[in-house]
Amino acid sequence: MEWLNYHHLFYFWTVMREGSLTAASARLSLAPSTVSAQLGKLEESLGGKLFQRAGRNLEPTDLGRLVFRYADEIFSLGREMMDTIRGRPTAGPLSLKAGVVDVLPKLIVRRLLEPALQLSERVKLVCLEDKEDALLAELAMHSLDVVLSDAPLRAGLSVKAYSHLLGECGITFFAVETLAGPLRGKFPLSLHEAPMLLPMEMTALRGGLERWFASLSIRPSIAGEFDDNALLNVFGQEGDGIFVAPTVIEPEVLRQHKVQVVGRTQAVKERYYAISVERIIKHPAVAAILEAARHNLFMTK
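Heads up, the sequence shown stops at 304 in our numbering, and the numbers go up one at a time, no gaps.
Hints were generated in silico from the structure; no laboratory data involved. In this text the structure is predicted, and so the values were computed from the model without any measurement. Check the hints yourself; a few may be wrong.
Listed next, the in silico DMTMM-like pairs over lysine to aspartate or glutamate satisfying Cα-Cα at most 20 angstroms (straight line) [to be verified]:
hint	residue 1	residue 2
1	K189	E171
2	K109	E253
3	K134	D231
4	K163	E135
5	K127	D65
6	K285	D105
7	K285	D65
8	K127	E141
9	K100	E76
10	K44	D65
11	K272	D75
12	K127	E117
13	K127	E76
Cβ-Cβ distance ranges computed for the label pairs, FRET-style [unchecked claim]:
hint	residue 1	residue 2	range
14	L131	R157	19 to 27 angstroms
15	N60	R267	51 to 59 angstroms
16	R267	E62	28 to 36 angstroms
17	P96	E294	14 to 22 angstroms
18	I225	C130	28 to 36 angstroms
19	I225	E62	17 to 25 angstroms
20	D133	Y165	34 to 42 angstroms
21	E228	N8	49 to 57 angstroms
22	K272	K44	48 to 56 angstroms
23	R56	K272	49 to 57 angstroms
24	G22	R82	17 to 25 angstroms
Even glycine gets a Cβ: it sits at the ideal position worked out from N, Cα and C.
Sequences are here, hints too, so could you generate the full structure?
Pasting the structure below:
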């Protein structure tokens with residue numbers, strides 16, 4: 004078994020935290036040449052460079068950033084262990100770093116994440132919204148604990164992670180009353196040539212909607228396409244077209260956007276996934292998200 008030299012790792016961790024070799028050397032009460040030599044040995048044992056030159060400064064490489072994240076957890080756990088042994092309270096709350104794919108409705112994201120904040124243990128939530136590929140890269144680097152998505156991991160990705168189904172539900176069509184009223188009686192056929200506000204192509208929801216429209220020979224008039232769900236909802240709230248949202252958040256949409264229900268369908272499903280590097284979820288906050296989604300929000304058996 005190949006052992007890691009934790010003294011060398013501690014020197015590297017200190018350089019990263021202090022921001023420079025000189026500052027770290029002063030903190031460690033060692034000569035810069037000594038610290039530099041220890042960093043060289045760590046790089047040799049890891050098989051790659053931890054820093055690269057950027058002018059007169061040193062910047063971490065991708066390997067350096069990855070090693071620092073692990074080192075930060077290692078030494079944070081060490082401090083926590085000593086605090087526990089000596090009867091002192093631990094340093095801070097449980098951290099949950101969640102990535103959210105940007106097409107997810109903000110209201111459903113809040114409902115999904117809320118159980119993590121209701122644990123008896125205090126939780127610090129860090130929430131990052133981005134495209135799926137960017138979030139999965141962060142997950143692979145262990146910068147995130149979980150990624151919330153509307154689709155499972157695609158086949159062929161190099162990321163070693165697992166898709167945990169949170170649940171599924173139908174969708175509700177919303178519009179301002181002047182638009183919703185005339186369409187409600189003959190829904191869904193009344194959607195033919197009606198103004199629709201849609202998510203961008205290549206999203207799971209857009210694909211499901213288009214297949215459903217085609218099965219009913221419905222051709223709505225596309226009034227707008229958006230990659231920002233919150234912006235799409237604002238246009239819908241202002242009466243620029245019909246928009247959809249998961250039926251499980253229907254009450255919140257009605258209350259927040261002051262719109263009315265045009266109709267509902269179970270033929271188009273919204274599915275939500277928690278993507279994690281853990282096959283069996285051990286993170287308490289992520290476990291709370293899965294449990295609440297499956298047995299409360301979506302009531303999945």
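These are the hints, each one checked on the structure:
| no. | hint | result |
| --- | --- | --- |
| 1 | K189 to E171 | violated, 26 angstroms |
| 2 | K109 to E253 | holds, 13 angstroms |
| 3 | K134 to D231 | holds, 11 angstroms |
| 4 | K163 to E135 | holds, 15 angstroms |
| 5 | K127 to D65 | violated, 26 angstroms |
| 6 | K285 to D105 | violated, 26 angstroms |
| 7 | K285 to D65 | violated, 27 angstroms |
| 8 | K127 to E141 | holds, 18 angstroms |
| 9 | K100 to E76 | holds, 13 angstroms |
| 10 | K44 to D65 | holds, 18 angstroms |
| 11 | K272 to D75 | violated, 41 angstroms |
| 12 | K127 to E117 | holds, 12 angstroms |
| 13 | K127 to E76 | holds, 15 angstroms |
| 14 | L131 to R157: 19 to 27 angstroms | holds, 20 angstroms |
| 15 | N60 to R267: 51 to 59 angstroms | holds, 57 angstroms |
| 16 | R267 to E62: 28 to 36 angstroms | violated, 53 angstroms |
| 17 | P96 to E294: 14 to 22 angstroms | holds, 20 angstroms |
| 18 | I225 to C130: 28 to 36 angstroms | holds, 31 angstroms |
| 19 | I225 to E62: 17 to 25 angstroms | violated, 46 angstroms |
| 20 | D133 to Y165: 34 to 42 angstroms | violated, 20 angstroms |
| 21 | E228 to N8: 49 to 57 angstroms | holds, 54 angstroms |
| 22 | K272 to K44: 48 to 56 angstroms | holds, 55 angstroms |
| 23 | R56 to K272: 49 to 57 angstroms | holds, 52 angstroms |
| 24 | G22 to R82: 17 to 25 angstroms | holds, 20 angstroms |
Of the hints listed earlier, those the structure fails to meet are numbers 1, 5, 6, 7, 11, 16, 19, 20, in rising order.
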